[in-house]
Structure formats: structure tokens, C-alpha cells
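Visitor: Chain W is already provided as a structure; the job is to place chain D on it using the hints.
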Amino acid sequence: MIFENNQIQTLIFQAIDELNALREEELIDKSPSTALYGQASPLDSVDLVNLLLSIEEFLEDEFDISFTIANEKAMSLKNSPFKSVASLTDYLTTELATADS
Amino acid sequence: MLEAQFIGFLLERFEQNRDKDAIVWREQVYSYAWLKDKVETWHQALIDSDIEHGHVVMVEADYSPSSIALLIALIEYQAIIVPITDSVSHKKEEFIETAQAEYLIQIAADDSCQFTSLNQNAEHDCFSKLRSEKVPGLILFSSGSTGKSKAAVHDLAKLLEKYKVPRHALRAITFLLYDHIGGVNTLLYTLSNAGCVITVADRKPDTVLAAVDKFSADLLPTSPTFINLILISEAYQRHQLTSLKTVTYGTEPMPESTLLRFNKQFPHIKLLQTYGLSELGILRSKSKDNDSLWVKIGGEGFETRVTGDNILEIKAYSGMLGYLNAPSPYTEDGWFHTGDQVEVDGEYMRILGRKSEIINVGGQKVYPAEVESVLQQLDFIAESEVYGEKNALLGNVVCAKLRLNTLAAEQDKKTLKRQIKQHCSQSLESFQVPAKFKFDDSEQFSPRFKKMRTL
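Listed in order, the protein sequences are those of chains W and D. Its first residue numbered 1, the first sequence is counted upward by one per residue in our numbering. Its first residue numbered 102, the second sequence is counted upward by one per residue in our numbering.
Since the hints were made in silico from the structure, they are not lab data. From a predicted model like this one, the values you see are computed outputs, not experimental measurements. Take these hints with a grain of salt, some might be off.
[What the hints assert, rightly or not] List time: in silico BS3-like cross-link candidates among lysine-lysine, alpha-carbon distance up to 25 Å:
1) K491(D) - K515(D)
2) K491(D) - K502(D)
3) K192(D) - K305(D)
4) K397(D) - K387(D)
5) K235(D) - K30(W)
6) K235(D) - K249(D)
7) K518(D) - K30(W)
8) K78(W) - K265(D)
9) K515(D) - K539(D)
10) K83(W) - K305(D)
11) K537(D) - K514(D)
12) K456(D) - K514(D)
13) K466(D) - K539(D)
14) K537(D) - K502(D)
15) K305(D) - K251(D)
16) K522(D) - K30(W)
17) K397(D) - K551(D)
18) K502(D) - K522(D)
19) K249(D) - K265(D)
20) K387(D) - K265(D)
21) K389(D) - K365(D)
22) K83(W) - K537(D)
23) K193(D) - K249(D)
24) K235(D) - K192(D)
25) K537(D) - K73(W)
26) K192(D) - K73(W)
27) K30(W) - K537(D)
Isolated chain W, as found in the complex (with noise of 0.2 Å):
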């Protein structure tokens, strides 16, 4: 299935504010350069899990597409995919273009 950037962005976003609507923690800033990953991320690897367990659940609900994110190839790519929204993005756009819906 075909998406827009921005389209996948708004996706992230939504699944940000379902981490944020359980933080006591500072907020996750909604941003293309929030880090999700690493030193300078505001999320721990449970809070990625969460993240992408969110937006597999969005895609699920709203597009029908049944597509699990932290797959061994996201795993094993050189760049990861998990390091900030933009790099999620652009992932899930190039991903979800040549997946079954």
C-alpha cells in the first residue's frame, strides 16, 4: 500500500501521544528528530516496543495491513530504522509500499 510521508509521520504521532496519555515522565516530544532509540532518546526499549506495537496496531485497525516492524530485517539493517521518527518514516513508507495489505 501506497503512503505519504506525512501520512506515516501522523501515525507515529498518534502512537507518541498513546506513550505520552501513560508517561509520568517527561512528554516525547512530537517531532521528526525525536530520537527513539540510544542516548539522547527519551524512550527506554520498552517504551519502543510499545511505540511500534501502537503503530502495528493503527495500521491494523484503520488500513487492514497486518505488518510487524521490529522484524529481522529492521534488525539487521545497517542504519537502523529505530533511531528518530524520520528514519521510522521513511522506513515504513519504503516497507509498507511492497507489503501485502
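Guide: What follows is chain D alone, placed relative to chain W:
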């Protein structure tokens, strides 16, 4: 009178209590005089039949005056007894084959009986041992939630030993089934102390509590799942439970929230955790308190130890001889590896769950019962099952399958999920909070009122 070798102590107690209630079945009361007579009649019927000492005899029945008397007569007759109930009717052929049953005795719902020869000869080292020692045997099947049911062979003469010590006479509901180690234990304990066996037609909360009320039961041996059902059905509002002094629970880990809710509702009822296995029998146990999951287990005939990775191991005097269809599970020095992970504090331990059910999230352990306990604090959740799902980032993530109360079933799932996660975050670490939810209307328990771990 029957010259009894194995059941002498039982018949003696039956004789001393001739006028006391032995069994309640279909609202009718049967006395110990009646039961003693019936045991002797059954014993004579066995002598007159083609069944010989040491034969493997399957008994398909539920608790009834005949099935109870027959079981006792078969013990004296040195049969190798295989009790089965309706709950395993879909596995009957498999059980006949595994147990190598030579005879089938069926006790119908109207208490009539039928003998059938199954035209096979049972040969196994365990059977040879029982036959050469001229002792009765008992075959119990494990629930087999994972794979094929395993058949455990017991020396019944040894198993009976512990019932010779006199204890309190209790009026007990036979909630646990006739073919379950807990059910066999309730039956033998009650009869050997001249208590009363109160049978129930089915195991719905209202049926069971109505029987408690009408026949003044003081003991209800059950499971955590059923205790939860009593609470959510509110059946206790429709029946008087003033006679009930003790509720015992075992067979699966108890969610702490269920225990606390029950204790709050019924502060006068003593709550005791039991620990037993088809392979070893029921151990004596003592809960630290009504609202505590800490329990002392062991007692005469049992020794316990905990391995380096916190798995409980037990040595039992009356442990099974072996499985019919699996290799010996005993360690070289004769201990049984239970597979249950425990936490130890002095003399007490807390059962955390089957090692195989523990979810490893990024190297941290999550016990399903602990998360289920928190989920069930929410009024709109009727039942929950927590399980792990593979995840490339963390190894596994925690998932929950939920059955909602009818009121909540119509609500927006997204809002509910957010509410549930919020609630869980208050008392659980973030890695323990379920990341995925499934909503399902079907009931999550087996015919034995044990949570079905299906996922």
C-alpha cells in the same frame, strides 16, 4: 463380614459411625451402614465376575453412592484402578490404550452399572511390581495441557497409609473430580474420618453454593479459577454460606487480588492453599494467613528442596512408581522435579508458576499470575490470561487475553486499553504491563476449573 486387608481401617470407621451421613447424592442422604453394606456387595460382585486380582479396571463415573463403594471394593480386590470422568470423554480411547485397561465398569447417571471386558492384557513393569507385591494400584492421568496426558501409576496401599491417622470429620463438597488426585484425596480423607461426601450435579457457582447451604458443608476444596467465578457470579448473595469454614485452593497459582477479594467478602472463612500432583499425591500444607500466598508444604512422608534455579523438588514416600508412557521423571537420588518455580522465605514458600509459563522480557522475568492478579483488580475484567509473544527487540512481550463483563463489552476498546495500561502501570514495572490485548467472550477455564493456558 469381609476380612479386609487394605480397607480394614475404613470399614471399622464405617461400622463405628453406622448412623452418620456418609454421602449426599441427588438430595438423598446415605449412611455409613449403607455404604459398608454396599462395599461388601460390590466386593462379592467382583469375586463373581471375570475380573481377577491385579487386573487393570477402568471406572467411568462421577461421584455417586455406587461409584464410591465400587472404588473402595476395588482397592480391597487388589485391582489396578483407572478412574475417568466425562470431562475426558474425548480422550477415553487414548486412556484405554495407554492404561491398557482390561475391564471397563461404567456407572451411569442413574447409578446403574455395566461391566465390559476390553480383551487386552496389561503388561508393564509397574503392573508386575504391584501384582508381585499383591497390592492395589491407581492410575491417574496428568492434565496434559502440553502434549499427551501422562499416566502415573501409584501403589494404593502406600497412598492409603496417610489416611489411617485420624483427623477432623468434615462435611466436604466433592468439587474436584473423581479422576483427579485432589478429588481422590477429598474422598479418602472425608470417608476415613467419617465425614460426609456432598456430591454436586454440576460445578456451576450456584449449584455448588446451594449444596453448601442445604447440606451444611464445612469444606470446599476448589481452584483459584472457581473462587474467581464465585466472586464474579455473586452466587454467594443467593445462598447462605454460614456453615462453610474452610476453602482450599490448589492446582494453579492464585492471583493475589482474587485471594484478597474473597477474604474481604468472607473474613470468617479460612483459606488454605494446597499443593499436590498426580504423580505424588497431596502434600500437607499450611498457609501463613488467609490473605497470604506464602505456604508451608511438606508434612509426614514428604521432603522438599529447591534447586539452584528455584524449582521445587519433592521426595515422597507415597510417590508414583512411574509413568506408563513416559520416562521416569525422578532425579538419580529419587526426587521429583515439579517444574514449579518458587520463592523461599524461611519455612514458607510462594509458588510463582510453571517455569515453562514464565515470560522473559528483555532478560527480566514476568510471572503471568502476578499480572493477571493486577488485571483482575479491575471490575470490568471477568477473566484474564497472560502469555508471552515473540518480539525481535525484547525477545518476548507480555500479552493479555481478556474476557470483559457484559457491561464493558460494548465500550470502545481503545479507551479500555488505555485505562487498563494506566491501572497496570500503577503497580507493575513497565516491562510487566501487557503491550498487546486480545478481547474474547469465551470462558477461559477447563472442565476442571483450571485456567486454560492456550496461548
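Visitor: All hints, please: hold or fail.
Guide: Okay, the hints, checked on the actual structure:
no. : hint              : result
1   : K491(D) - K515(D) : holds (23 Å)
2   : K491(D) - K502(D) : holds (16 Å)
3   : K192(D) - K305(D) : holds (23 Å)
4   : K397(D) - K387(D) : holds (5 Å)
5   : K235(D) - K30(W)  : violated (78 Å)
6   : K235(D) - K249(D) : violated (30 Å)
7   : K518(D) - K30(W)  : holds (22 Å)
8   : K78(W) - K265(D)  : violated (72 Å)
9   : K515(D) - K539(D) : holds (12 Å)
10  : K83(W) - K305(D)  : violated (54 Å)
11  : K537(D) - K514(D) : holds (12 Å)
12  : K456(D) - K514(D) : violated (32 Å)
13  : K466(D) - K539(D) : holds (22 Å)
14  : K537(D) - K502(D) : holds (9 Å)
15  : K305(D) - K251(D) : violated (28 Å)
16  : K522(D) - K30(W)  : holds (21 Å)
17  : K397(D) - K551(D) : holds (22 Å)
18  : K502(D) - K522(D) : holds (14 Å)
19  : K249(D) - K265(D) : violated (34 Å)
20  : K387(D) - K265(D) : holds (20 Å)
21  : K389(D) - K365(D) : holds (17 Å)
22  : K83(W) - K537(D)  : holds (23 Å)
23  : K193(D) - K249(D) : holds (13 Å)
24  : K235(D) - K192(D) : violated (30 Å)
25  : K537(D) - K73(W)  : holds (22 Å)
26  : K192(D) - K73(W)  : violated (44 Å)
27  : K30(W) - K537(D)  : holds (23 Å)
Comparing the model with each earlier hint shows violations of hints 5, 6, 8, 10, 12, 15, 19, 24 and 26; every other hint is respected.
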